[in-house]
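Q: Here the structure of chain A is known, so what remains is to put chain B in place on it, guided by the hints.
Listed below, chain by chain, are the residues.
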Amino acid sequence: MLYGQHNNMNTHALEREETLKHETTVFGFWFYLMSDCLVFASLFATYVVLRNNTFGGPNAAELFSLPYVLTETLTLLTSSFTAGLSVLAARRNKARETFAWLSVTLLLGLVFLGLEMHDFAGLVAAGNMPSRSGFLSAYFTLVGTHGLHVALGALWIVVLLVQLARRGLSTTTTRRLTLLSLFWHFLDIIWILIFTIVYLFPFL
Amino acid sequence: MISAAETSTARYVLGFLGSLVCTFAAYWFVVAHPVAHNLALGALVALALIQIFIQLALFLHLGDRGNQLNQLALALTLVIVGIVVTGSLWIMFNLNGRMMPSEAQMLQYTQSQDSM
Numbered sequence: 001m002l003y004g005q006h007n008n009m010n011t012h013a014l015e016r017e018e019t020l021k022h023e024t025t026v027f028g029f030w031f032y033l034m035s036d037c038l039v040f041a042s043l044f045a046t047y048v049v050l051r052n053n054t055f056g057g058p059n060a061a062e063l064f065s066l067p068y069v070l071t072e073t074l075t076l077l078t079s080s081f082t083a084g085l086s087v088l089a090a091r092r093n094k095a096r097e098t099f100a101w102l103s104v105t106l107l108l109g110l111v112f113l114g115l116e117m118h119d120f121a122g123l124v125a126a127g128n129m130p131s132r133s134g135f136l137s138a139y140f141t142l143v144g145t146h147g148l149h150v151a152l153g154a155l156w157i158v159v160l161l162v163q164l165a166r167r168g169l170s171t172t173t174t175r176r177l178t179l180l181s182l183f184w185h186f187l188d189i190i191w192i193l194i195f196t197i198v199y200l201f202p203f204l
Numbered sequence: 001m002i003s004a005a006e007t008s009t010a011r012y013v014l015g016f017l018g019s020l021v022c023t024f025a026a027y028w029f030v031v032a033h034p035v036a037h038n039l040a041l042g043a044l045v046a047l048a049l050i051q052i053f054i055q056l057a058l059f060l061h062l063g064d065r066g067n068q069l070n071q072l073a074l075a076l077t078l079v080i081v082g083i084v085v086t087g088s089l090w091i092m093f094n095l096n097g098r099m100m101p102s103e104a105q106m107l108q109y110t111q112s113q114d115s116m
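Top line first, the protein sequences correspond to chains A and B. Counted from 1, the first sequence has number 2 at position 2 by the numbering used here; the numbering is strictly sequential. Counted from 1, the second sequence has number 47 at position 47 by the numbering used here; the numbering is strictly sequential.
To be clear, the hints were calculated from the coordinates, so they are not data collected in a lab. Owing to the predicted nature of the structure, the values given are computational and were not obtained by experimental measurement. Among the hints, a few may not be true.
As the list claims (entries may be wrong) - Taking CB as the label site, the calculated pair distances span: (1) Thr110(B) - His118(A): 24 to 32 Å; (2) Leu148(A) - Val35(B): 34 to 42 Å; (3) Ala165(A) - Val35(B): 48 to 56 Å; (4) Val85(B) - Gly168(A): 40 to 48 Å.
Claimed, not checked - Computed list of chain B residues with no C-beta within reach of chain A, every gap over 12 Å: (5) Val84; (6) Tyr109; (7) Thr110.
All C-beta atoms in this analysis are idealised placements derived from N, C-alpha and C, irrespective of residue type, glycine included.
Same shape as in the complex, but just chain A (with noise of 0.2 Å):
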């Protein structure tokens, strides 16, 4: 009776070290999301600066479409959508939903990918690479940054649904699940900011 009061006690105490853990880590990793901030407000700072000296090459408003913006846009917002529905998914301990959410979330993120590559693909084929102009070098700075960051995000899940379909939701994979949607939302507010900046500003 003792004993198992004690044993009682104990699993009490990890729980709590355990949630203490992970309330640690995931403010530790906002702290890294802030830093990143930074990163990007020294990015935006350097394309305000030189969006306009096109050194008699092409002006954004010539170069980019808006349609085709929209869609990467709404592809972005839907996949930090879907991202969300994850994490609501394995707090309610729904493994397969959890891991159907998150692929959802993953071929999003590659269509983005892929449109913004193709877009890229496109500029250098017509001669606008980043040594064209200030304004080129610093468009490609910035949308490339988040666009790596995406990258990254992508190779994150990839690696996360093969630990969920190998262990499933454990304390460690929800932990795990909880950054990465962090760093997914993340990555969409700082696509707000390029969609309003770089591309819809031009077109005023």
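A: Below, chain B without anything else, positioned relative to chain A:
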């Protein structure tokens, strides 16, 4: 940051719909040109900020209790971002205004000096 109690799908659906409305509204301002340039610029900034706020609250659950430290970290980050961005723009546009004049302006200046 997502507490165990917060498992409602409604928040995510609401966040998604809100973000969609903001995105399409911003797009409409640019495509349809319903208002003057400066007003549309203000509208785009406002819509972007509203959408960021929606996603912070409904996707990242930043408004929930127990997230004070995260909010504090975000506030500090925004202060630094503000300094970096406004500082950079201020300095660079100021420098731009003091840049060497164009060749045509230089020629005009030297000619005016010669004739004196």
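Q: Can you let me know if the beta-carbon spacing of Leu148(A) and Val35(B) is within 34 to 42 Å?
A: holds (36 Å)
Q: In this structure, is the beta-carbon distance linking Val85(B) and Gly168(A) contained in 40 to 48 Å?
A: Distance hint for Val85(B), Gly168(A) holds at roughly 44 Å.
Q: For Val84(B), is the shortest CB-to-CB distance to chain A above 12 Å, so the non-interface label stands?
A: The claim breaks: Val84(B) does not keep its Cβ more than 12 Å from every Cβ of chain A (closest is about 5 Å).
Q: Examine each Cβ of chain A, and state whether all of them lie more than 12 Å from the Cβ of Tyr109(B).
A: holds (24 Å)
Q: Taking the CB of Ala165(A) and the CB of Val35(B), does the distance hold inside 48 to 56 Å?
A: The hinted range 48 to 56 Å holds for Ala165(A) and Val35(B), with Cβ atoms some 52 Å apart.
Q: Lying within 24 to 32 Å: is that true of the beta-carbon distance Thr110(B) to His118(A)?
A: Given about 50 Å between the Cβ atoms, the range is violated.
Q: So is Thr110(B) really clear of chain A, every C-beta pair being over 12 Å apart?
A: Holds: least Cβ distance 25 Å, greater than 12 Å.
In this structure, the hints that do not hold are numbers 1 and 5, in rising order.
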